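Q: In order, the protein sequence lines correspond to chains A and B. Residue numbers for the first sequence follow my numbering, beginning at 1 and rising by one. Residue numbers for the second sequence follow my numbering, beginning at 1 and rising by one.
Worth flagging that the hints you see were computed from the coordinates, not collected in a lab. Keep in mind it's a predicted model, so treat the numbers as computed, not measured. Ideal Cβ placement from N, Cα and C applies to all residues, glycine included. Take these hints with a grain of salt, some might be off.
Using 25 Å as the maximum straight-line C-alpha spacing, the simulated SDA-like pairs for lysine to any residue come out as follows [what the hints assert, rightly or not]:
{"no.": "1", "chain 1": "A", "residue 1": "327", "chain 2": "B", "residue 2": "278"}
{"no.": "2", "chain 1": "B", "residue 1": "406", "chain 2": "B", "residue 2": "361"}
{"no.": "3", "chain 1": "A", "residue 1": "327", "chain 2": "B", "residue 2": "361"}
{"no.": "4", "chain 1": "A", "residue 1": "327", "chain 2": "B", "residue 2": "300"}
{"no.": "5", "chain 1": "A", "residue 1": "235", "chain 2": "A", "residue 2": "274"}
{"no.": "6", "chain 1": "B", "residue 1": "419", "chain 2": "B", "residue 2": "481"}
{"no.": "7", "chain 1": "B", "residue 1": "18", "chain 2": "A", "residue 2": "321"}
{"no.": "8", "chain 1": "B", "residue 1": "18", "chain 2": "A", "residue 2": "174"}
{"no.": "9", "chain 1": "A", "residue 1": "18", "chain 2": "B", "residue 2": "392"}
{"no.": "10", "chain 1": "B", "residue 1": "327", "chain 2": "A", "residue 2": "350"}
{"no.": "11", "chain 1": "B", "residue 1": "327", "chain 2": "A", "residue 2": "235"}
{"no.": "12", "chain 1": "A", "residue 1": "327", "chain 2": "B", "residue 2": "17"}
{"no.": "13", "chain 1": "B", "residue 1": "419", "chain 2": "B", "residue 2": "374"}
{"no.": "14", "chain 1": "A", "residue 1": "327", "chain 2": "B", "residue 2": "13"}
{"no.": "15", "chain 1": "B", "residue 1": "327", "chain 2": "A", "residue 2": "249"}
{"no.": "16", "chain 1": "B", "residue 1": "270", "chain 2": "B", "residue 2": "293"}
{"no.": "17", "chain 1": "A", "residue 1": "18", "chain 2": "B", "residue 2": "341"}
{"no.": "18", "chain 1": "A", "residue 1": "405", "chain 2": "A", "residue 2": "488"}
Stretches of chain A that chain B covers, calculated by requiring three or more beta carbons in the stretch to come under 8 Å of a beta carbon on chain B [to be verified]:
{"no.": "19", "stretch": "220–227"}
{"no.": "20", "stretch": "326–336"}
2 protein chains.
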Amino acid sequence: MRAVGDILRLNARRFPRKPGFRFGAGSLTFEQADEMANRAANGLRRIGVNPGDRVAMLALNRLDYLPLFFGTVRTGAMSVPLNFRCSVDELAYMLDDAQVATMLVGPGFEAVALALRERVRCLEALVAIGGGPDAGPMTPLDALLAAASPEAPGTAIDEASGAVIFYTSGTTGHPKGVVLSHRSIVEGACQTALVARIRSSDTALVTVPLFHGGGLAVVSMSHLYLGAGLVIHDKADPGEALRSIAGDGITTYFGVPSQLFAMLEHPDLKDADLGSLRSLWYGAAPMPPVVLQRLQAMLPRLDFVQTYGQTETTLTACLGPEEHFSKPGATGRELPGVEIRVVDDEGREVSPGGVGEILVRRESGMIGYYGNPQQTAETIRDGWIHTGDLARIDEDRYITIVDRKKDMILSGGENIYPKEVEDVLLQHPAVAQVAVIGVPDERWGEVPKAYVVPRPAAAADAAVLEAWCMERLARYKRPRHWSFVQGLPMTATGKVRKNLLREIDRQAGEAR
Amino acid sequence: MRAVGDILRLNARRFPRKPGFRFGAGSLTFEQADEMANRAANGLRRIGVNPGDRVAMLALNRLDYLPLFFGTVRTGAMSVPLNFRCSVDELAYMLDDAQVATMLVGPGFEAVALALRERVRCLEALVAIGGGPDAGPMTPLDALLAAASPEAPGTAIDEASGAVIFYTSGTTGHPKGVVLSHRSIVEGACQTALVARIRSSDTALVTVPLFHGGGLAVVSMSHLYLGAGLVIHDKADPGEALRSIAGDGITTYFGVPSQLFAMLEHPDLKDADLGSLRSLWYGAAPMPPVVLQRLQAMLPRLDFVQTYGQTETTLTACLGPEEHFSKPGATGRELPGVEIRVVDDEGREVSPGGVGEILVRRESGMIGYYGNPQQTAETIRDGWIHTGDLARIDEDRYITIVDRKKDMILSGGENIYPKEVEDVLLQHPAVAQVAVIGVPDERWGEVPKAYVVPRPAAAADAAVLEAWCMERLARYKRPRHWSFVQGLPMTATGKVRKNLLREIDRQAGEAR
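Chain A extracted, bound-state conformation (with noise of 0.2 Å):
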């Protein structure tokens, strides 16, 4: 198996009656979807989409948003699953970072297509998904897929060329468009599944957004490599999730730890039956060590597996089943084909306990940003992707990680991990949410601010939770300034945007 498109054909040949994409009431069989795949394919040559070329993709989760992806690598071009939460103005900056000059559009974004298309100068085809009234002077998807052969395109797919490209969430910057190759992806989807412990019967639960690395890449491409089922939600509601599990037989679920924190809060929790579920995966956010104790009291017979990776390194370190009970708190460690080293700024490994920056060294990583060689530079060196996360390591190599290294506060000459600051105020029961980072101060340089999210109903004010801090933390840690919110803007996988606090309180600060 060389290319992408060879994990669905290689599906179609093995299970080819078997519902390989549910969504809502309807599905598609490995070999309706290896066919659509190839249509698509047939059909995107048609209109000039050639090899090498960048075809992106704005849609919500959808039941054809693989076989569609499929088609678009089978093309030898690159699928750029955009972020639909994306104003205009970033999608429009992603479009011509990309030079995307073909678009598929789902239903609902046929407006913002059409605003697209007048301002981004390099985009010219735009195939509407879903048809309809709606789709305008769009190309209707239907039309294409109708008028295209169902044989394979035999276009020759070379594994070390980008097979797609995701733009990251943007915690800081502009959005980078991180470039993986088809064999990036298929090594990728094969150790993800090992140590997931993924089997060709398993039937996943995919409420992760397909745009980002993390739902189509790994979770997606993990199952779908072994040949296992997907069922795909356009959202991650919480109540529709649990009724999924027991309607569908869902035996392996990948939640974000907010995602999973909801489910426990939901009424339906109750008289839910979780029966089917092998498996609970959950990462791209920290899991609050009191989510992670309730879910494991609730269904003790579960799989638990963290994952920690970045769209640049894909999936790098977990931590299995076996190992939430014997390195409680760790974030994990590096895959099998994986290599990691945690370095401090000379580059130079940290002994056990110590803490540095996350480098990652594997085959199935980015090729680089697309089209910035200089950012590239700057990240991938000597082979060794700089992730900016910080850990500490322990003598065992299971690291665990500390904080972003761009979040990290430099007070009175003293690091400060925000996330240390931020879990000792989640364990207050008045918090719901919070994020803390650093401002500036004339005496230490920088202080800490938490922007609090109290519960609903719950008393929380700054005077009860400075005494909170007060047994917990280090004078130097606590917050000095505190900002009480109705939330905290997120990026679409469930992270703080913290780089938009600081400009708020930049700006606020000015305005002072």
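Assemble chain B onto chain A, guided by the hints.
A: Frame of chain A; chain B shown alone:
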């Protein structure tokens, strides 16, 4: 991970103090084994081994067998593990065929090695693994290692280059040197670990010979890929295997069917504690259904995994734990990442229910036969490895091996698959082993002849077995000739050498 040597290197990083290799009372941690491999690589370089060279290994399974293998491939040379059961003539053929200049010689093989050096012109350097007085004029390994640096040799390895040459057991014609690349071994290890559901925490019992692809590439490398530990025996003694399972905490065991049968028949079985076992693999030869039934009845909670592959294809298909119940009797289904076609003599895929030759396409198959482009071109056509194995394929793409294409008997225009006849005879209580071959016949072209090994104290004669077959086989399939023997000529991996039986029969016919 690009090179085979990285498998051990990464384990030394991840699990430095884990006893990755155990043999008798001895053990090596991954860190110790990694250092030994570095010393072996540097030592071999110093005595003239260069990238691309071939370095043979003639030894029983032993503690340092795999560390020395890793050391060899870290030089960039190819390892040629030799079947120690072969005759001097056969070994001389292989050494000359692979143009081996350097050979590692295990204890007990010193005299053979010196005789080989006399005969084989290219063979120059002999390294005595055991050292001691028998080493004679050979270089003692201990001294070579002691004088060498423990640091990684730093040789750049092309992942597409050959890492190992396995000589096929030669059921037909001269042995052929199957070259597997670094990438073949590494990718195959990941794929095998996935379908065999190996975990880092596993401990494997290795009683199959390490000179064979099954023992080295399939069983050992798949476990080592994940950092699982190996307990190595130098023979497949059923009593010792039973003791080791309890004593060493074995969780996974690969046995060829004859070994598993011997374990079932062993008097120590009734008192053996097999509670640590988690999975049992079998393969390399057909598994008699009665043996499998007894194993499953005795160990109902185990994961049973049947494997199918050839040295040329590496592990190609398997029958996983659940499938033993849903598809009893089948050999298995193609692994993820592997493509199988079952084709007729014109190369067309046969319909479900039909029989044809198995063709295999995958990234991790052989590069080719060493120094034999003609045979390579006959075997790999359009990227498909022609296995010479005949199989029936069902509507779910499960294959059931029917027989070797070369062993098929053509009798009066009908195809007879000897294995079908053998399976019927094996069910007779007086039959311990049986092999059926085609022998020339004036009227029918060929007719079946059975070589029967009777059970101790059992009364087996031709009349009894003819009556048995009459109830169970069509007339044309029944053996016309019978030979009752004490044993059958076997290959190192438990296959009957039918070419030798045919040769014996031919010579006997000429003598008559």
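Q: Give a verdict on every hint.
A: Structure-based check of each hint:
Note on residue 327 of chain A and residue 278 of chain B: the hinted pairing holds, with a Cα-Cα distance of about 23 Å set against a maximum of 25 Å. With a C-alpha separation of about 21 Å, the suggested pair residue 406 of chain B and residue 361 of chain B falls inside the 25 Å cut-off, and the hint holds. Simply put, residue 327 of chain A and residue 361 of chain B have alpha-carbon atoms about 41 Å apart, too far for the 25 Å limit, and the pair is violated. A hinted pair counts as satisfied when its Cα atoms are at most 25 Å apart, and residue 327 of chain A with residue 300 of chain B does not qualify at roughly 31 Å.
With a C-alpha separation of about 19 Å, the suggested pairing of residue 235 of chain A with residue 274 of chain A holds against the 25 Å cut-off. Note on residue 419 of chain B and residue 481 of chain B: the hinted pairing holds, with a Cα-Cα distance of about 16 Å set against a maximum of 25 Å. Using a Cα cut-off of 25 Å, the hinted pair residue 18 of chain B and residue 321 of chain A holds, with the two alpha carbons roughly 20 Å apart. Of the supplied pair hints, the one linking residue 18 of chain B and residue 174 of chain A is violated, its CA atoms being roughly 45 Å apart against a limit of 25 Å.
Between residue 18 of chain A and residue 392 of chain B the alpha-carbon distance is near 22 Å, which keeps this suggested pair within the 25 Å criterion. Of the supplied pair hints, the one linking residue 327 of chain B and residue 350 of chain A is violated, its CA atoms being roughly 52 Å apart against a limit of 25 Å. This hinted pair does not check out: residue 327 of chain B and residue 235 of chain A have alpha carbons roughly 38 Å apart, beyond 25 Å. Between residue 327 of chain A and residue 17 of chain B the CA atoms are separated by roughly 17 Å; this keeps the pair inside 25 Å, and the hint holds.
As the CA atoms of residue 419 of chain B and residue 374 of chain B are separated by approximately 30 Å, the hinted pair breaks the 25 Å bound. About 18 Å separates the Cα atoms of residue 327 of chain A and residue 13 of chain B, which keeps this hinted pair within 25 Å; it holds. Proximity of residue 327 of chain B to residue 249 of chain A is assessed by CA-CA distance (about 22 Å); at most 25 Å being required, the pair is judged to hold. Of the supplied pair hints, the one linking residue 270 of chain B and residue 293 of chain B holds, its CA atoms being roughly 17 Å apart against a limit of 25 Å.
As the CA atoms of residue 18 of chain A and residue 341 of chain B are separated by approximately 20 Å, the hinted pair is consistent with the 25 Å bound. Pair hint residue 405 of chain A plus residue 488 of chain A holds up; C-alpha atoms about 20 Å apart against a cutoff of 25 Å. Against chain B, the stretch 220–227 of chain A contributes 3 residues with a C-beta closer than 8 Å to a partner C-beta. That satisfies the three-residue criterion, and the hint holds. For a cut-off of 8 Å, the count of residues in the stretch 326–336 of chain A with a CB near a CB of chain B stands at 3, and the three-residue condition holds.
The structure fails hints 3, 4, 8, 10, 11, 13 (numbered hints given earlier, in ascending order).
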